[in-house]
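Below are the chains, spelled out letter by letter.
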Amino acid sequence: MNGFRCEFLLKDNLQFRKYFWILLLIVCVWLALVSSVPASQNSIEQSVFRITNYQQSPDWKSPWKMKPTSQGLGSGFLIHDNWILTNAHVVSDSRMLLVNKISSPKPFLADVLAIAHDSDLALLKVRDPKFYQGLTPLELGGIPELRSRVRAYGYPVGGKELSRTEGVVSRIEFGTYVHPGIDSHLLIQTDSAINPGNSGGPVTQSGQAIGVAFQSNLRLNDVGYFIPVPLINRFLTDIKDGRYDGVPEIGIETSSLINQHYRKYLGLPEDTGGILVERVVPHSSADGVLLIGDVLTKIEDLQIDAAGMVRYSEQQVTFFIEAENRQIGDPLQLQVWRKGKFINLTLTLKTPPFGSEMRNSYDELPEYVIFGGLVFIALNRNYIHSPGNITPPLAYEHWYREIERPRTRQEQVVIVTRVLPSPVNSGYTNLHNFVVSSLNGKPVRSLAHLEKILKNMPLETTNVVFESEWHKIPLVLNFKESLDQHNSVLKRYGIIDGSRIYADKNKDSQ
Amino acid sequence: MKHNNFLYTLLKWPITATVFLFTSVLQADPPEIKPWFQQAVLLKSYQQSFDWRTPWEKREIRTQSGMALVVRLPVSVRISESENGNNNNLYLLTTAEIVSDATLIEVTRKDIRSPFQAKLVLMDYAANLALLQINNSKFWRNLRPVKWTPVKSSTDHEAKDIYSLKIKSQDEWTMESGTIDRMTVGHRGVSNAWFPLLRLNGISKSGQGYPLLQDNETAGMILDVGTGETKAMPAAMLLEFLKHAGSNPYQSLAHRGFIWSKLPQSSTYNHLQIPLEKPGIWISRVLPYGTGSDVLMQGDYLTKLGKWTLSHDGKVEHPDWGISLFDLLFLAHLKVGDSVKLEVIREGKPVVLQTKVSAYKENSRSVPLKIVGTAPRYVIEGGFLFQELTLNYLRIWGANWQTRAPMRLRLFLEQNKAVSIYENNKTDKSSNGSKISSEHPPRIVLVSQVIPDPVNIGYQKLSNAVVLKVNGKQIRRLEDVSTAFLNPINNFHRIDFLPGSERLSVILSVAELADANQRIKNNFRIPKLQSF
Numbered sequence: 001m002n003g004f005r006c007e008f009l010l011k012d013n014l015q016f017r018k019y020f021w022i023l024l025l026i027v028c029v030w031l032a033l034v035s036s037v038p039a040s041q042n043s044i045e046q047s048v049f050r051i052t053n054y055q056q057s058p059d060w061k062s063p064w065k066m067k068p069t070s071q072g073l074g075s076g077f078l079i080h081d082n083w084i085l086t087n088a089h090v091v092s093d094s095r096m097l098l099v100n101k102i103s104s105p106k107p108f109l110a111d112v113l114a115i116a117h118d119s120d121l122a123l124l125k126v127r128d129p130k131f132y133q134g135l136t137p138l139e140l141g142g143i144p145e146l147r148s149r150v151r152a153y154g155y156p157v158g159g160k161e162l163s164r165t166e167g168v169v170s171r172i173e174f175g176t177y178v179h180p181g182i183d184s185h186l187l188i189q190t191d192s193a194i195n196p197g198n199s200g201g202p203v204t205q206s207g208q209a210i211g212v213a214f215q216s217n218l219r220l221n222d223v224g225y226f227i228p229v230p231l232i233n234r235f236l237t238d239i240k241d242g243r244y245d246g247v248p249e250i251g252i253e254t255s256s257l258i259n260q261h262y263r264k265y266l267g268l269p270e271d272t273g274g275i276l277v278e279r280v281v282p283h284s285s286a287d288g289v290l291l292i293g294d295v296l297t298k299i300e301d302l303q304i305d306a307a308g309m310v311r312y313s314e315q316q317v318t319f320f321i322e323a324e325n326r327q328i329g330d331p332l333q334l335q336v337w338r339k340g341k342f343i344n345l346t347l348t349l350k351t352p353p354f355g356s357e358m359r360n361s362y363d364e365l366p367e368y369v370i371f372g373g374l375v376f377i378a379l380n381r382n383y384i385h386s387p388g389n390i391t392p393p394l395a396y397e398h399w400y401r402e403i404e405r406p407r408t409r410q411e412q413v414v415i416v417t418r419v420l421p422s423p424v425n426s427g428y429t430n431l432h433n434f435v436v437s438s439l440n441g442k443p444v445r446s447l448a449h450l451e452k453i454l455k456n457m458p459l460e461t462t463n464v465v466f467e468s469e470w471h472k473i474p475l476v477l478n479f480k481e482s483l484d485q486h487n488s489v490l491k492r493y494g495i496i497d498g499s500r501i502y503a504d505k506n507k508d509s510q
Numbered sequence: 001m002k003h004n005n006f007l008y009t010l011l012k013w014p015i016t017a018t019v020f021l022f023t024s025v026l027q028a029d030p031p032e033i034k035p036w037f038q039q040a041v042l043l044k045s046y047q048q049s050f051d052w053r054t055p056w057e058k059r060e061i062r063t064q065s066g067m068a069l070v071v072r073l074p075v076s077v078r079i080s081e082s083e084n085g086n087n088n089n090l091y092l093l094t095t096a097e098i099v100s101d102a103t104l105i106e107v108t109r110k111d112i113r114s115p116f117q118a119k120l121v122l123m124d125y126a127a128n129l130a131l132l133q134i135n136n137s138k139f140w141r142n143l144r145p146v147k148w149t150p151v152k153s154s155t156d157h158e159a160k161d162i163y164s165l166k167i168k169s170q171d172e173w174t175m176e177s178g179t180i181d182r183m184t185v186g187h188r189g190v191s192n193a194w195f196p197l198l199r200l201n202g203i204s205k206s207g208q209g210y211p212l213l214q215d216n217e218t219a220g221m222i223l224d225v226g227t228g229e230t231k232a233m234p235a236a237m238l239l240e241f242l243k244h245a246g247s248n249p250y251q252s253l254a255h256r257g258f259i260w261s262k263l264p265q266s267s268t269y270n271h272l273q274i275p276l277e278k279p280g281i282w283i284s285r286v287l288p289y290g291t292g293s294d295v296l297m298q299g300d301y302l303t304k305l306g307k308w309t310l311s312h313d314g315k316v317e318h319p320d321w322g323i324s325l326f327d328l329l330f331l332a333h334l335k336v337g338d339s340v341k342l343e344v345i346r347e348g349k350p351v352v353l354q355t356k357v358s359a360y361k362e363n364s365r366s367v368p369l370k371i372v373g374t375a376p377r378y379v380i381e382g383g384f385l386f387q388e389l390t391l392n393y394l395r396i397w398g399a400n401w402q403t404r405a406p407m408r409l410r411l412f413l414e415q416n417k418a419v420s421i422y423e424n425n426k427t428d429k430s431s432n433g434s435k436i437s438s439e440h441p442p443r444i445v446l447v448s449q450v451i452p453d454p455v456n457i458g459y460q461k462l463s464n465a466v467v468l469k470v471n472g473k474q475i476r477r478l479e480d481v482s483t484a485f486l487n488p489i490n491n492f493h494r495i496d497f498l499p500g501s502e503r504l505s506v507i508l509s510v511a512e513l514a515d516a517n518q519r520i521k522n523n524f525r526i527p528k529l530q531s532f
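If you read the sequences in order, they're chains A and B.
With my numbering applied, the first sequence closes on residue 510, and no number is skipped along the way.
With my numbering applied, the second sequence closes on residue 532, and no number is skipped along the way.
Calculated from the structure, these hints are not laboratory results.
Accuracy of the hints is not assured; some may be wrong.
Said to hold, decoys possible - The calculated lysine to aspartate or glutamate pairs, modelled on DMTMM-like cross-linking and capped at a C-alpha distance of 20 Å, are:
| # | chain 1 | residue 1 | chain 2 | residue 2 |
| --- | --- | --- | --- | --- |
| 1 | A | K264 | B | E32 |
| 2 | A | K264 | B | D453 |
| 3 | B | K473 | A | E469 |
| 4 | B | K262 | A | E469 |
What the hints assert, rightly or not - If you want the footprint, here are the derived chain B segments under chain A, 3+ residues with CB under 8 Å:
| # | segment |
| --- | --- |
| 5 | 282 to 293 |
| 6 | 402 to 416 |
| 7 | 463 to 477 |
| 8 | 503 to 511 |
We put the CB at the ideal spot given by N, CA and C, even for glycine.
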């Protein structure tokens, strides 16, 4: 029995040696593949940090007040120049930022150097230079291939230590960025687990960072997204002059030309792709360049197909990709089919109009004016998405007016959000979401404009009359009583300032 | 202590007996049940409403049970008497809700087991009243019309308890008692009408169409039995409906012809040049129907309606019900056709206007409220399903349609105007005018969905898109769509949609349209490509 066992073992040992060398070869090839990389696993992990953000956001219902402080956790990683790259949503509305290295209890104070809410990216710098000792920054790579393996690092909920997960690239396309709410950019989908806290952490391949993990889809299983490198590079280029200008947009709405009858109607040549321009956004990059009814056939050197897609990094993605990787002020070459012939056009890229009203607002305290106990604010996305505020009149003013009746939207839509009860406004105390169209017959263009009209009102004025397209009865207050009671109203409701207006936002109204 | 206990024991039973007897005397006897065997009948309705998502189909059948009252129309009123199987001008009165969209209405007498089939002869959906007839003399034998009595208010010292029927089965009819909480003015949300409404306490076992009894006579009809509160229509309103039943075309009940607001404070009075000490209400909108719609203007300050002075919050000293909303005057004191003076302050000056009390009118909105008994109107061209926006259409989003239906469509309902979509870049002044001139305001026409077919490839994601033009012609109602499709431009049909839609234009080939229409009709089993 023993002899048999030995023989078996001997035979087994010989086989083991044979397989050992094969296995070793495979491991070496694998290591060669994996470690043909600038950074080792260890150095990557050293350069991924836990970020703690003590944040405080304003109360949009009572715009002079702040909400209670909360604590948010996220991740970030070191890139060149001692910069820490993370998501904007990780560091938004920050009052204090702490950064921890891997397995280290010592927090370091950090500051936001630049923030891009439209593309959910931010750069931090730690105040103490010692923080950077012994760290190797991650290099930024390119767009990964579909089905290739990627690794996500970060500090998701459920533990304090660094988490590492792996998955494959499952999709590369345009999608909505949840943080700004309205912006769509290129994003990469992976089945690597991306959970709350992972945000801001690197997604790596071959030792290079190929993106920043930023959101997941709670309705689907194993679906996480990361921001690709072209958008990160665009951000880093944008801030070189010390100011963030934003991601440009062309400013058009288009419809597909998949339907053959529509193509024949337009007289488009066979095998020409092209997408139909159906709306040109006033004051946008395309305003004055493109016309409704143009068929956009080419953008820079890329042919646009009938669904509006172009070939980009071996993928089909929407033609808007050519604009989003450029800077404000850059030219963009277009070819359109107009009135039966192809023509070439050039537009200069701009940020979208009304961007600050349309996307979620962060790091900024709300503007407001209080007069006669009426609280005036400018309608924006934060306000309309507060509970109970998506009413048809506000929705029309916020979303539909400029689409249906172009160039009729004022700089800001001024509304009375609430009334602070006092003798001067008795009878109006339940008023809510009153859209102000005019004040004593003058159209109100913005909060600053409203404040200016009130300040310049002659003292002998009897009544201040606010009119609204949505309310038949005007809102009327006695002018003298409103002035007399102004300070007592502020005192009674514990308000220090009767208004907050940002001069640089309202240049035209001053 | 012992003495006290003894005294208590001695007096306990006599006191209890006295209290019991006294209470029994105060508690009026319920009305006798037997007369109601001849005056009220059981009703069962099989209803099948239309499917507004697939407008050529109908929805699942549902049944509702209730009662109908035997009523006699006034002598002057006759509705196709020869078909009614009786010579006494007798009909059945019930709620409109219970018989709307009915495919079969069965009526059962207390003393005859087999049901009779009833036919709807008149329905006022806004007033929630319907009149039925039965073409079978056997049914009417020994039936007697209800005896009406005006409702006596609970504040009236002579007021007695109210009763309604409680029916467990065809054989078990009893009474339940309750009290009148108040007389008010009610609004159902499915129409714009505000009509008188009695709110009752204690009635919980009755149902729609049941009689409301007071002094052994009929004081009203039950509308709705809810948890804690039951609603009924007062007899005066029912009698007015019966009086109007013979008018051709039918004319609904008396109603105000304006929307009003309370002025908030002294500075508003001052701005609008209205003396603060003068009570009244501010006319915020003049309706295209109803009392005063022909003489009032938006911005008028109405101080007196007939002989009644209005308070700052629209109330009057009602002769029967005390301080009440002025709408209650239309119950018995202001009837259709009566002359009435309206005293207003117009641009700071008092003005007396003379008008006649007039009726509520449905179907005068750009976005009609609930439509019953009529199939949805539609047109299908190239798979594009054209429909008019109505409350029924918005309700396909279910019970929470007010938050789930597309916001832009809800806004049309709220604004009730289509005109702004035709006037890009212009300020819409239509709502600020003093009067609404058009009897038939424009409707909002939608492409509600695209029925898939090769002809509409590339367009199939389109839904709930408001149609602006077809072949360059403005679309203001569904008929315009059919007309516009008769005039293609250069062998193509072009449809333009309201900006904000999934896409703003589509093109269809004239050459392929007829074949495509036939194919869609066959593939999707659609009986007709146009409902009218």
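Hints, one by one, checked against the model:
1. Restraint check for K264/A and E32/B: the C-alpha separation of about 81 Å exceeds 20 Å, so the hint is violated.
2. The suggested pairing of K264/A with D453/B holds, with an alpha-carbon distance near 18 Å, which does not exceed 20 Å.
3. Under the criterion of a C-alpha separation no larger than 20 Å, the hint pairing K473/B with E469/A is inconsistent with the structure, at around 29 Å.
4. With a C-alpha separation of about 18 Å, the suggested pairing of K262/B with E469/A holds against the 20 Å cut-off.
5. Coverage of a stretch by a chain is defined here by at least three residues with a beta carbon nearer than 8 Å to that chain's beta carbons; for the segment 282 to 293 of chain B and chain A the count is 3, and the condition holds.
6. Taking a C-beta to C-beta cut-off of 8 Å, the segment 402 to 416 of chain B contributes 6 residues in contact with chain A, enough for the three needed, and the coverage statement holds.
7. Coverage of the segment 463 to 477 of chain B by chain A is violated [criterion: at least 3 residues with CB-CB distance below 8 Å; count 0].
8. By the rule of at least three residues with a Cβ nearer than 8 Å to a Cβ of chain A, the coverage given for the segment 503 to 511 of chain B holds, with 7 such residues.
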